[in-house]
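Please put together the full structure from these sequences, using the hints given.
2 protein chains.
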Amino acid sequence: MSPDRSLPIGVFDSGVGGLTVMRALMERLPLENLVYFGDTARVPYGIKSVATIEHFTGQITDFLLQRGVKMLIVACNTMAAVAGDVVRGKAGEMPVLDVIEAGARAAVARSATGAIGVIGTPTTINSNAYARRMHALDAGVRVYSQACPLFVPLVEEGWLDHPVTRMTAQEYLKPVLAEQVDSLVLGCTHYPLLKPLLMDVAGPGVHLVDSATTVAEQAAQTLARLDLANTGEHLAQARYHVTDIPLRFQTIGERFLGRSLGSIERVAW
Amino acid sequence: MSPDRSLPIGVFDSGVGGLTVMRALMERLPLENLVYFGDTARVPYGIKSVATIEHFTGQITDFLLQRGVKMLIVACNTMAAVAGDVVRGKAGEMPVLDVIEAGARAAVARSATGAIGVIGTPTTINSNAYARRMHALDAGVRVYSQACPLFVPLVEEGWLDHPVTRMTAQEYLKPVLAEQVDSLVLGCTHYPLLKPLLMDVAGPGVHLVDSATTVAEQAAQTLARLDLANTGEHLAQARYHVTDIPLRFQTIGERFLGRSLGSIERVAW
Numbered sequence: 001m002s003p004d005r006s007l008p009i010g011v012f013d014s015g016v017g018g019l020t021v022m023r024a025l026m027e028r029l030p031l032e033n034l035v036y037f038g039d040t041a042r043v044p045y046g047i048k049s050v051a052t053i054e055h056f057t058g059q060i061t062d063f064l065l066q067r068g069v070k071m072l073i074v075a076c077n078t079m080a081a082v083a084g085d086v087v088r089g090k091a092g093e094m095p096v097l098d099v100i101e102a103g104a105r106a107a108v109a110r111s112a113t114g115a116i117g118v119i120g121t122p123t124t125i126n127s128n129a130y131a132r133r134m135h136a137l138d139a140g141v142r143v144y145s146q147a148c149p150l151f152v153p154l155v156e157e158g159w160l161d162h163p164v165t166r167m168t169a170q171e172y173l174k175p176v177l178a179e180q181v182d183s184l185v186l187g188c189t190h191y192p193l194l195k196p197l198l199m200d201v202a203g204p205g206v207h208l209v210d211s212a213t214t215v216a217e218q219a220a221q222t223l224a225r226l227d228l229a230n231t232g233e234h235l236a237q238a239r240y241h242v243t244d245i246p247l248r249f250q251t252i253g254e255r256f257l258g259r260s261l262g263s264i265e266r267v268a269w
Numbered sequence: 001m002s003p004d005r006s007l008p009i010g011v012f013d014s015g016v017g018g019l020t021v022m023r024a025l026m027e028r029l030p031l032e033n034l035v036y037f038g039d040t041a042r043v044p045y046g047i048k049s050v051a052t053i054e055h056f057t058g059q060i061t062d063f064l065l066q067r068g069v070k071m072l073i074v075a076c077n078t079m080a081a082v083a084g085d086v087v088r089g090k091a092g093e094m095p096v097l098d099v100i101e102a103g104a105r106a107a108v109a110r111s112a113t114g115a116i117g118v119i120g121t122p123t124t125i126n127s128n129a130y131a132r133r134m135h136a137l138d139a140g141v142r143v144y145s146q147a148c149p150l151f152v153p154l155v156e157e158g159w160l161d162h163p164v165t166r167m168t169a170q171e172y173l174k175p176v177l178a179e180q181v182d183s184l185v186l187g188c189t190h191y192p193l194l195k196p197l198l199m200d201v202a203g204p205g206v207h208l209v210d211s212a213t214t215v216a217e218q219a220a221q222t223l224a225r226l227d228l229a230n231t232g233e234h235l236a237q238a239r240y241h242v243t244d245i246p247l248r249f250q251t252i253g254e255r256f257l258g259r260s261l262g263s264i265e266r267v268a269w
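If you read the protein sequences in the order shown, they are chains A and B.
Using UniProt numbering, the first residue of the first sequence is number 1, and each one after it goes up by one.
Using UniProt numbering, the first residue of the second sequence is number 1, and each one after it goes up by one.
These are computed hints drawn from the structure, not numbers from a lab.
Fair warning: there could be bad hints in the mix.
To be verified - Where chain B lies over chain A, by a calculated footprint (3+ residues, C-beta under 8 Å): (1) 39-53; (2) 142-153; (3) 183-191.
As the list claims (entries may be wrong) - Derived SDA-like pairs: lysine to any residue, alpha-carbon spacing no greater than 20 Å straight-line: (4) 174(B) to 230(B); (5) 90(A) to 113(A); (6) 195(B) to 180(B); (7) 195(A) to 257(A); (8) 174(B) to 203(B); (9) 174(A) to 202(A); (10) 195(A) to 163(A); (11) 174(B) to 163(A); (12) 90(A) to 66(A); (13) 174(A) to 163(B); (14) 195(A) to 170(A); (15) 195(A) to 230(A); (16) 174(A) to 162(B); (17) 195(B) to 162(B); (18) 174(A) to 159(B); (19) 174(B) to 162(A); (20) 174(B) to 159(A); (21) 174(A) to 197(B); (22) 174(B) to 158(A); (23) 174(B) to 197(B); (24) 174(B) to 207(B); (25) 195(B) to 136(B); (26) 195(B) to 258(B).
Claimed, not checked - Residues on chain A that point at chain B, a partial pick, calculated with CB under 10 Å: (27) 56; (28) 122; (29) 159.
Owing to the predicted nature of the structure, the values given are computational and were not obtained by experimental measurement.
Note that the Cβ used here is the ideal one computed from N, Cα and C, for glycine as well.
Structure, rendered in structure tokens:
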């Protein structure tokens, strides 16, 4: 029996960053119902151990499966890097997409020279998940990775086009650009907000791979292939669940989503 | 009945920052046993809501009280700002010190002009706890506050004397320095590591108040007054409990503590 097509796609992240994926899904799949889970009480995951991230990821997966979804999207690079198996183990037959798989595929397909840069949080980079995935797709690619721990706080501070952010980006990207990469994967959901600045620092010879838009494209293809796309008889809805509603949540969230947040429900854990 | 003098002083923080307080205590009170709790699985608190911070603070207080301590020190400005009452409610007769009380007292005692600057995380600054405490001590002081959300990630990145950090400090301190403050309270346990750079940016006319050393001084006075100081028949011990041991914990922790960390025990919650 095929699942109900009107069921939402479940999207989750350690905090607000995954809202860039929600935004890309709303633009690519406007008829789909969406449900978002952001673990804002325990964010950021990028500085925590693998065991802790696996534990938290399992809790969130259970929450979304209990509510009823037709597809899961891991919109957090850190979770995708170290806890993807936890999600797939719980999801069974249900399709599970993640930003690493999507970004890795897009980068390998796009790169002409095979020299690809990846930037992300320390945990994502140390997991080496992007490099492993890209090598599985094409053993010929050379991947150059760089952790950029200050980018998330800079984005959350709203310094999207600030001299401090520019100087930080120049320092972080220097070793990657020295390898003459022709593609640069933005391996963190916060980074699409830095796209204009990063394009400027990286220069015109480097194509930026945004895993938010690539995972939305992959979601569209998967829904079509499995005949799961919503028919759109009703207006599509987006719901948001978070574990904490901190002071600047609305402001930061709307910057990521590019539009107003609807009703936000706090999950007490 | 007076409590056992050999019982440790309990020190707690949302993560590693409170190790600057541990360091100051080891230097000021070398005969005291110390027990540290860092909630590294849920750090940082500075971006979370008051309700969530109160809940987490209560859990930590219970943990330390169950282990047996003779004094509690809230080494986290965010917890002291919004959840000090939770700790005092649970501690009963036991003395409870915190970095805000200590920093506020030291700043008011030291300032000649009564113009005092305070820097901290967004939650600490928005709580207005330093200004309220200083006004209760001296209604004549004028307090100028500035949230500096990028300082914690910059310290954890190890960019203690980096052009990016200098430019960030210049931007954050500009409005406070424009008020011609003669004292600047470092209202976050991470900031003592930026002391040399901040002294440089603030200039010789501004005295920096380090709440780690001031709370250690207050602890020494409180132990003497209550006749609770340890006699030092045995070598003093320091124990560390954390909720997560992330990748760079050892490196970052030892930078804060200024010496090797002993045995670290992970508390599973």
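Hint check results:
Counting residues of the segment 39-53 of chain A whose CB falls under 8 Å from any CB of chain B gives 8; the rule of at least 3 is met. Look at the segment 142-153 of chain A against chain B: 4 of its residues bring a Cβ nearer than 8 Å to a Cβ of that chain, three or more, so the hint holds. Residues of the segment 183-191 of chain A lying with their CB closer than 8 Å to a CB of chain B number 0, which falls below the three-residue condition for coverage. For a cut-off of 20 Å, the pair hint linking residue 174(B) to residue 230(B) is broken: about 45 Å separates their Cα positions.
With a C-alpha separation of about 38 Å, the suggested pair residue 90(A) and residue 113(A) falls outside the 20 Å cut-off, and the hint is violated. As the CA atoms of residue 195(B) and residue 180(B) are separated by approximately 19 Å, the hinted pair is consistent with the 20 Å bound. For the hint linking residue 195(A) to residue 257(A), the alpha-carbon distance of about 15 Å falls within 20 Å, and the restraint holds. The hinted pair formed by residue 174(B) and residue 203(B) meets the criterion: a straight-line CA distance of about 12 Å does not exceed 20 Å.
Restraint check for residue 174(A) and residue 202(A): satisfied, since their Cα atoms lie roughly 9 Å apart, inside the 20 Å limit. Restraint check for residue 195(A) and residue 163(A): the C-alpha separation of about 15 Å stays at or below 20 Å, so the hint holds. Restraint check: the Cα-Cα separation between residue 174(B) and residue 163(A) comes to about 16 Å, which is no more than 20 Å; the hinted pair holds. As the CA atoms of residue 90(A) and residue 66(A) are separated by approximately 11 Å, the hinted pair is consistent with the 20 Å bound.
Between residue 174(A) and residue 163(B) the alpha-carbon distance is near 16 Å, which keeps this suggested pair within the 20 Å criterion. A hinted pair counts as satisfied when its Cα atoms are at most 20 Å apart, and residue 195(A) with residue 170(A) qualifies at roughly 14 Å. Distance hint between residue 195(A) and residue 230(A) is unfulfilled; the C-alpha atoms sit about 31 Å from each other, more than 20 Å. For the given pair, residue 174(A) sits about 16 Å from residue 162(B) by alpha-carbon distance, which is consistent with the 20 Å threshold.
Between residue 195(B) and residue 162(B), the direct Cα distance comes to roughly 13 Å. Compliance with the 20 Å bound is thereby established for this hinted pair. At most 20 Å may separate the alpha-carbon atoms for a hinted pair to count; residue 174(A) and residue 159(B) meet this at roughly 17 Å. Only pairs whose Cα atoms come within 20 Å are accepted, and residue 174(B) paired with residue 162(A) is accepted, the gap being roughly 16 Å. Note on residue 174(B) and residue 159(A): the hinted pairing holds, with a Cα-Cα distance of about 17 Å set against a maximum of 20 Å.
Distance check on the hinted pair: residue 174(A) and residue 197(B) sit about 25 Å apart at the alpha-carbon level, beyond 20 Å; violated. Distance restraint check for residue 174(B) and residue 158(A): the Cα-Cα separation of roughly 18 Å lies within the 20 Å cut-off, and the hinted pair is therefore satisfied. With a C-alpha separation of about 14 Å, the suggested pair residue 174(B) and residue 197(B) falls inside the 20 Å cut-off, and the hint holds. At most 20 Å may separate the alpha-carbon atoms for a hinted pair to count; residue 174(B) and residue 207(B) meet this at roughly 16 Å.
A C-alpha spacing of about 27 Å is found between residue 195(B) and residue 136(B), which places the hinted pair above 20 Å, so the restraint is violated. As the CA atoms of residue 195(B) and residue 258(B) are separated by approximately 14 Å, the hinted pair is consistent with the 20 Å bound. With a least beta-carbon distance of about 9 Å to chain B, the hint placing residue 56(A) at the interface is held under the 10 Å criterion. A distance limit of 10 Å between C-beta atoms decides the matter here; for residue 122(A) the minimum to chain B is near 6 Å, and the interface restraint holds.
Interface hint at residue 159(A): satisfied, since its Cβ lies 8 Å from the closest Cβ of chain B, which is below the 10 Å cut-off.
Hint check: violations occur at hints 3, 4, 5, 15, 21, 25; the rest are consistent with the structure.
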